[in-house]
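Undergrad: Modelling step: build the complete structure from the supplied sequences, incorporating the hints.
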Amino acid sequence: MALAETFLKPLIWPLIWVGARVLGALAAVGRLALFALQALRAVVSPPWYPARLIEQMALIGWFSLPVVGLTALFTGAALAQQIYVGGQRFSAESTVPAVTVIAIVRELGPVLAGLMVAGRVSSAMAAELATMRVTEQLDAMVTLRTDPWRYLIAPRMLASTLMLPFLVLVANIIGILGGYALAVYRLGFNPASYLSTTRRYLETDDIVSSLVKAAVFGFVIALAGCYHGFRSSGGAAGVGRATTDAVVTAFILILLFNLTITVLVFGS
Amino acid sequence: MSGGIEIRGLKKAFGPKLVLDGVELSVARGESLVIIGGSGSGKSVLLKCILGLIRPDEGSIRLDGQELVGLKGRGLEATRARFGMLFQGGALFDSLPVWRNITFALTQGKLGGGAAMHQLAVDVLAKVGLEPRVADLRPAELSGGMQKRVALARAIAANPEILFFDEPTTGLDPIRADVINALIRSQVTALGATAITITHDMASARHIADRVAMLHGGRIIWEGPVAALDSSENPYVDQFVHGRREGPITARTA
Numbered sequence: 098m099a100l101a102e103t104f105l106k107p108l109i110w111p112l113i114w115v116g117a118r119v120l121g122a123l124a125a126v127g128r129l130a131l132f133a134l135q136a137l138r139a140v141v142s143p144p145w146y147p148a149r150l151i152e153q154m155a156l157i158g159w160f161s162l163p164v165v166g167l168t169a170l171f172t173g174a175a176l177a178q179q180i181y182v183g184g185q186r187f188s189a190e191s192t193v194p195a196v197t198v199i200a201i202v203r204e205l206g207p208v209l210a211g212l213m214v215a216g217r218v219s220s221a222m223a224a225e226l227a228t229m230r231v232t233e234q235l236d237a238m239v240t241l242r243t244d245p246w247r248y249l250i251a252p253r254m255l256a257s258t259l260m261l262p263f264l265v266l267v268a269n270i271i272g273i274l275g276g277y278a279l280a281v282y283r284l285g286f287n288p289a290s291y292l293s294t295t296r297r298y299l300e301t302d303d304i305v306s307s308l309v310k311a312a313v314f315g316f317v318i319a320l321a322g323c324y325h326g327f328r329s330s331g332g333a334a335g336v337g338r339a340t341t342d343a344v345v346t347a348f349i350l351i352l353l354f355n356l357t358i359t360v361l362v363f364g365s
Numbered sequence: 076m077s078g079g080i081e082i083r084g085l086k087k088a089f090g091p092k093l094v095l096d097g098v099e100l101s102v103a104r105g106e107s108l109v110i111i112g113g114s115g116s117g118k119s120v121l122l123k124c125i126l127g128l129i130r131p132d133e134g135s136i137r138l139d140g141q142e143l144v145g146l147k148g149r150g151l152e153a154t155r156a157r158f159g160m161l162f163q164g165g166a167l168f169d170s171l172p173v174w175r176n177i178t179f180a181l182t183q184g185k186l187g188g189g190a191a192m193h194q195l196a197v198d199v200l201a202k203v204g205l206e207p208r209v210a211d212l213r214p215a216e217l218s219g220g221m222q223k224r225v226a227l228a229r230a231i232a233a234n235p236e237i238l239f240f241d242e243p244t245t246g247l248d249p250i251r252a253d254v255i256n257a258l259i260r261s262q263v264t265a266l267g268a269t270a271i272t273i274t275h276d277m278a279s280a281r282h283i284a285d286r287v288a289m290l291h292g293g294r295i296i297w298e299g300p301v302a303a304l305d306s307s308e309n310p311y312v313d314q315f316v317h318g319r320r321e322g323p324i325t326a327r328t329a
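Chains as they are written, first to last, in our numbering: chain B, 98 to 365; chain X, 76 to 329.
Careful, some of the hints might be misleading.
[Claimed, not checked] The list that follows gives simulated cross-link-like pairs (lysine to aspartate or glutamate, DMTMM-like), each with its CA atoms no further than 20 angstroms apart: (1) X/K202 / X/E152; (2) X/K185 / B/E190; (3) X/K202 / X/D253; (4) X/K92 / X/E133; (5) X/K185 / X/D211; (6) X/K185 / X/E152; (7) X/K185 / B/E152; (8) X/K86 / X/E298; (9) X/K147 / B/D244.
[Stated by the list, open to error] Covered, in the sense of this in silico footprint (three residues per stretch, anywhere, with C-beta under 8 angstroms from a C-beta of chain X), are these stretches of chain B: (10) 138-150; (11) 231-238.
By construction, these hints were calculated from the structure, which means they are not laboratory data.
By construction, the Cβ of each residue, glycine as well, lies at the ideal position given by its N, Cα and C atoms.
TA: Here it is, written out as structure tokens:
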């Protein structure tokens, strides 16, 4: 028996480690899902706080415009250049407008806007809520007969879900314009035919899927920020941890949901 | 005015650590009880259990005969309206001006009643000895002592029947601490409220208390009128009151 234990333990130990990690990950997914459900309940049930909603919409939507716009402009232009260079190998330089518009609207617009806003917003939400937790402001709010789920979390979730489609729409337009500017002023494309090709290859489904992705990303961005901020503990170090975890969670979820939606919509 | 609290057999553990191990405590209406005990003795947990912020594992908490443990929804909401709490660090909302902080319980975070609420905040500020101009400042612009006073104003603004004070003098110099003690004493008397204060500041305890209880090892090990504090003949209380290093409480366990 003792002999078996000596030999078996090193073999079993990695299995125990893997098992514990898997269980831990599943438990975390479960907690996040329960948090999302409770947040949804807070969004649909009164009391509502319209002033808090507008404040969050401005913070998330309006103040993200510069960073989202610049990202889209530079990426659209770089994309057009690369497609041109790549296309030259097959004498297919004329595909620049078509590939640019599809790449921007279907993938890069929503994903890049989502990631940029996640970096700005998830971290800010997590840091703010975690600080409120550490300084007992969340407890104080409850004793002052106000539900933090409805006062703090619901407006953030709703504002983020509503504003991301708007930001992605802007990102799509600016991204296409970035590609257009580079193609016309540097690569010598004809402006009118570039735009008409762009228009011809852009389908309603692309725009719809782009905006659906945006709404999902918006929800996920607020979810990651609120979840890690609300549950944080352990003082200043806890606030830092919550902020990092929020951004990492938001990034992973955005990329995961992007893949899922892309496969569901365009894969069949 | 009512507000008698009865706690029976209250237990709470965090993981393997048993924080409250059968707390038995009664507070009569209108009485000011001070709970003393070392850092980490579970004083804050006890208050948060009464407020419904932490769910106890076992036991009962009754307010005027009504059970609070397990209360939900409207019942919990109605009970919370009877409580006011001063948090250790003040816990003021730094995104809101002072007057919105003070009237938060009345507006429940809504933006209604601007001018009337502002006036009410100025009136409550006067009660805690602060000028009207403070109403328009942000919490971050206030000194530590002023933050405590604003937090006190917020706790009493809705005229609660029961007031809780969590380490009201921590982080203040002796003079400002005495100001807070005097304010707490006068406001509790003015409201006719039941008050529970947790502290390890003995000067504060003597100033605020009608009665004192000591929490140690998750239980109330002594209680009596504040005058009996020096003649308790309880070695734990004696050691704590006189701040001795040697005695039944060791720094490692307390």
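Undergrad: Take a quick look at whether X/K92 and X/E133 sit within 20 angstroms of each other, Cα to Cα.
TA: holds, 15 angstroms
Undergrad: Just to be careful, I want the Cα atoms of X/K147 and B/D244 compared with a cutoff of 20 angstroms; is the pair within it?
TA: Holds, because 13 angstroms separates the two Cα atoms, which is no more than 20 angstroms.
Undergrad: Check whether three or more residues of the stretch 231-238 of chain B sit with their beta carbon closer than 8 angstroms to a beta carbon of chain X.
TA: This one holds; 6 residues, not fewer than the three required, reach chain X with a Cβ under 8 angstroms.
Undergrad: Keeping to a limit of 20 angstroms between CA atoms, is the pair of X/K202 and X/D253 held or broken?
TA: With Cα atoms ~16 angstroms apart, X/K202 and X/D253 stay inside 20 angstroms; holds.
Undergrad: Do three or more residues of the stretch 138-150 of chain B come closer than 8 angstroms to chain X, measuring C-beta to C-beta?
TA: holds (count 4)
Undergrad: Can you confirm whether the C-alpha distance between X/K202 and X/E152 stays at or below 20 angstroms?
TA: The given pair, whose Cα atoms are some 27 angstroms apart, is violated under the 20 angstroms limit.
Undergrad: Check whether the Cα positions of X/K185 and X/D211 lie no farther apart than 20 angstroms.
TA: Distance ~17 angstroms between X/K185 and X/D211 Cα, so the pair holds.
Undergrad: Has the given pair, X/K185 with B/E152, been kept, meaning a C-alpha gap of at most 20 angstroms?
TA: Satisfied, since the Cα-Cα distance of roughly 13 angstroms is no more than 20 angstroms.
Undergrad: Are the Cα positions of X/K185 and X/E152 separated by 20 angstroms at most?
TA: Roughly 17 angstroms separates the two Cα atoms, so the pair holds.
Undergrad: Given the hint that X/K185 pairs with B/E190, test it: the Cα-Cα distance must not exceed 20 angstroms.
TA: violated, 59 angstroms
Undergrad: For X/K86 and X/E298, compute the direct alpha-carbon distance and say whether it is at most 20 angstroms.
TA: This hinted pair holds, its Cα atoms lying about 19 angstroms apart.
Consistency note: the structure conflicts with the earlier hints numbered 1, 2.
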